[in-house]
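Chains as they are written, first to last, in the working numbering: chain A, 9 to 480; chain B, 13 to 348.
It is worth saying that the hints were derived from the structure and are not from the lab.
Bear in mind that the values here come from a model prediction, so they are computed numbers and not experimental data.
Some hints could be false.
Claimed, not checked - DEER-style ranges, computed between Cβ atoms: (1) A:Gly304 <-> B:Ile331: 41 to 47 Å; (2) A:Arg43 <-> B:Leu266: 27 to 33 Å; (3) B:Leu36 <-> A:Leu344: 19 to 25 Å; (4) B:Val306 <-> A:His370: 17 to 23 Å; (5) B:Tyr181 <-> A:Leu33: 43 to 49 Å; (6) B:Asp51 <-> A:Arg442: 35 to 41 Å; (7) B:Lys247 <-> A:Ser19: 26 to 32 Å; (8) B:Val306 <-> A:Glu439: 49 to 55 Å; (9) A:Ile30 <-> B:Val70: 56 to 62 Å; (10) B:Tyr245 <-> A:Arg17: 16 to 22 Å; (11) A:Ala360 <-> B:Leu36: 27 to 33 Å; (12) A:Ser19 <-> B:Leu36: 24 to 30 Å.
Positions of the beta carbon are idealized from the N, C-alpha and C atoms, including for glycine.
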Amino acid sequence: MMSLKIMFRSSRFVTGFILVMIVVLYAVFYPLINRENPKADRVENPLYKQTDRLRTALTDEDYETAKEEIEALSQTDDETLQDVLAQVNTALETGRITKALSGSKQVKKTNPLYNEFEKLRITLGFDESIPADESAARAELEKLTVHHNNVLAAAELLQSGETEELETLAEEDELLQEELKPILEADPSAWAEAAGELIENHEKTFKWVQEIGVRLDTESNEEPLKALSAIQKTLLVPKDSPPSRDYPLGTDSFSRNIILEMAYGARLSLFVGVLAGIIATIIGLILGLYAGFKGGIVDNVITTLTNTFIVIPSMVILILISVALGQVKSGWITGLIIGLTSWPWTARAVRAQTTSLRHRDHVNMARITGYGTAHIIITEIMPYIASYIVMAFILQVASGIMMEATIAILGLGDPTSISLGRMINWAMQYEAVRSGRWWEFVPVALCITFVTFGLYMMNSGMDEVFNPKIRS
Amino acid sequence: MKGFAKYFTQKLFWYFITFIIALLLNFILPRLIPGNPVDLLLSGMLTGMTDMSKAAEVRQQTYAYFGLDKPMVQQFFQYVTNVFRGDWGRSFDQYPRPVLDILARGIPWTIAIQLPSILIGWIVGNVLGAVAAYRKGIFDRTIFPLSLFLSSIPVFILALMMKYFLGVYTNWFPIQGAYAAELMPSQSFTYYWSLFRHWQLPFLATTLVMIGGQAIGMRSMSLYELNADYVLYAKLLGIRESKITGYVFKNAVLPQITGLALSLGTMISGALITEIVFSYPGIGTQMMKAIRNVDYTLISGCTLLISITVLVANFLIEIIYGLIDPRVRSAQMEDN
């Protein structure tokens, strides 16, 4: 405990410690305050779910439910959303083309116009298997309008009894011919009544024709739905949005809240770094102590092994193992692999230190007294190199964090887990740097820098305290 | 010379063993991939093939072509022979280009960034470190934290920040590629100027990190020497300050030379991520492309290249040290 206090006397150590603790506290406590899912994207957003219910109601033509949903949504204070809602609402109130078409369905099969309406329905895309054809629909509407006018004219002629002109009119309009046939065959005294019936019938169907025409001219059937999807995609949980009140560090390309995502990223990076540091230090310590203390053939074997793995770049082993493991990787495995590839430096340093202590008097005394190897190492050697081990551990943690980031940036490892390196990789992949979306990588970069620079400061501060020879 | 010959053969032997281990790792690890790469290649070739016996025949032929029908040990020897013969396989993704060919195209770019930055970074870093240690005071208080910062910040972070602030934000430097996309390599001034402009940022990023690391090392080595007993003794003897300083720095710079040699040895792998950040067409970018396209032969080609360069550099360093410094030789002999 004494040595811990000494460390805090170095201002450099304290500065580094504070830097690291800022990130640690943020990574540990921020997710406790903000309990949302860091991977939450649009689908899990409550507003999205609500607008999605509206969307379903609209596509199902359940206008009652749609109106209720609009009512509920209008409670939110999002301006753009309100605009879209207004659009949807007008579309609902003025009636929609599909409604008009379903009205035209009421035209009975016996009606001579039935076939014409059937054509109109097809051209408007009522049958989903046949694509809509707007110009054909317009031609059909035109034809129906002309026919309507012909019917009106014919009815007038019928009432006045001018059959000759009626025939010339019927020559141009086959439909009219068909309709007039039963009437003309009947007694001329019934003509006036038949004419009234004809007008009445046609007025009813023509209402639909007019409405369809108006809807075709003013707006497309799909417009409100389109606006709704647009808003669902971009507005509710904005993608790549700069920092705002709701998202203090903005959102990334997956619409994730960066301040929350980064806390989880820092958690994983710190976890991997510490795990790698612990594993590397334990292996390095055991091998280094044993080799240094025992000497002879044991030392030779271990030293050769250490040198072999120092010379083969750990980056290469790391890349090869990551490639071999593919995407089945958790933080535990990543930390384990990094730890297993970075122990040689610690082993070499510990061995050198231990060798220099091996023949000290107090060690020899312990040996003569008959203590076992483990006991001597723990009580007589470890205390002398404890500060050294802590310093090596700190550096191992820093390099573990950098290694993890490097692997992630290379695109190896589990692409779904969130780590600081992975966030940098995403920022690069989605062109955040080139499009100047600084919030997607500058905070992450700062986070990594705080940790690594902080750890190096701690290491250097300790070096200063325990190694008076390099004090300036 | 007898001592050196013994030292040399011993070193050669151990490096040979290490090299075999490196080869073994490069051989075994890619073969542990679930659903081996050749099957992956085959599934592409066999789609649409309806004749089962024909498909089996193609599978048989491909396995034979890649030597997968032989026992592991035999495959390994085949692999080693191929590596030595310069046959590193063909790229899966850019089939049928030989891996060695792709790597050879990447190396000059990597060296263009790394060699000048290592040399310049080493010189500047050592001068700064020596000044910080010797002049102390304000020099040490500014140079040291700055160097510590530069050496501790991961190089990819530095590169990313420089790309954004110096490239995108201020628009001072081009941010990616080795030359402007619209240019074709030619012997013109515009082309060379474009090369130079694109080279600046990645060069600067790697150099700054190198300066930081070297300055830290040189500073602590110099302080160590300045606090050594012989300096005090020399001072008491009344030897001139400048002469003592000369001794101190001669001693301090020796380990730094090892550092220089090691950096030169790890040159190929030293700028992997920096290249990726700037899309500079060196080995790093090739490797990332290979990883993205699951191009197994190219990935193991990259790792093999890195292993070999590092091994050779380390071996040369040890041999040269053994040659110029007899103490190293004798210490090593006692060790082994």
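task: Mind checking the hinted window 16 to 22 Å against the Cβ distance between tyrosine 245 (chain B) and arginine 17 (chain A)?
output: 31 Å, violated
query: Holds or violated: 24 to 30 Å for the Cβ distance of serine 19 (chain A) and leucine 36 (chain B)?
result: 49 Å Cβ-Cβ, so the 24 to 30 Å window is violated.
query: Between glycine 304 (chain A) and isoleucine 331 (chain B), does the C-beta distance stay in 41 to 47 Å?
result: The hinted range 41 to 47 Å is violated for glycine 304 (chain A) and isoleucine 331 (chain B), with Cβ atoms some 27 Å apart.
- prompt: Lying within 43 to 49 Å: is that true of the beta-carbon distance tyrosine 181 (chain B) to leucine 33 (chain A)?
  reply: 30 Å, violated
message: Holds or violated: the 27 to 33 Å window for the beta-carbon distance between arginine 43 (chain A) and leucine 266 (chain B)?
response: 57 Å, violated
field: Beta-carbon spacing of valine 306 (chain B) to glutamate 439 (chain A) - inside the hinted bounds 49 to 55 Å or not
entry: 23 Å, violated
message: Given a hint of 17 to 23 Å, does the C-beta separation of valine 306 (chain B) and histidine 370 (chain A) actually sit inside it?
response: Given range 17 to 23 Å: violated, Cβ gap about 58 Å.
message: Is 19 to 25 Å respected by the C-beta to C-beta distance linking leucine 36 (chain B) and leucine 344 (chain A)?
response: With a Cβ separation near 21 Å, leucine 36 (chain B) and leucine 344 (chain A) satisfy 19 to 25 Å, so the hint holds.
message: Looking only at beta-carbon atoms, does the pair aspartate 51 (chain B), arginine 442 (chain A) fall within the given range of 35 to 41 Å?
response: 38 Å, holds
- prompt: So does isoleucine 30 (chain A) sit 56 to 62 Å from valine 70 (chain B), Cβ to Cβ?
  reply: 60 Å, holds
- prompt: Do the beta carbons of alanine 360 (chain A) and leucine 36 (chain B) sit within 27 to 33 Å of each other?
  reply: With Cβ atoms ~28 Å apart, the hint holds.
26 to 32 Å as the expected CB spacing between serine 19 (chain A) and lysine 247 (chain B), which holds or is violated: Since the Cβ atoms of lysine 247 (chain B) and serine 19 (chain A) sit about 30 Å apart, the hinted range of 26 to 32 Å holds.
Checked against the numbered hints above, the structure violates hints 1, 2, 4, 5, 8, 10, 12; every other hint is satisfied.
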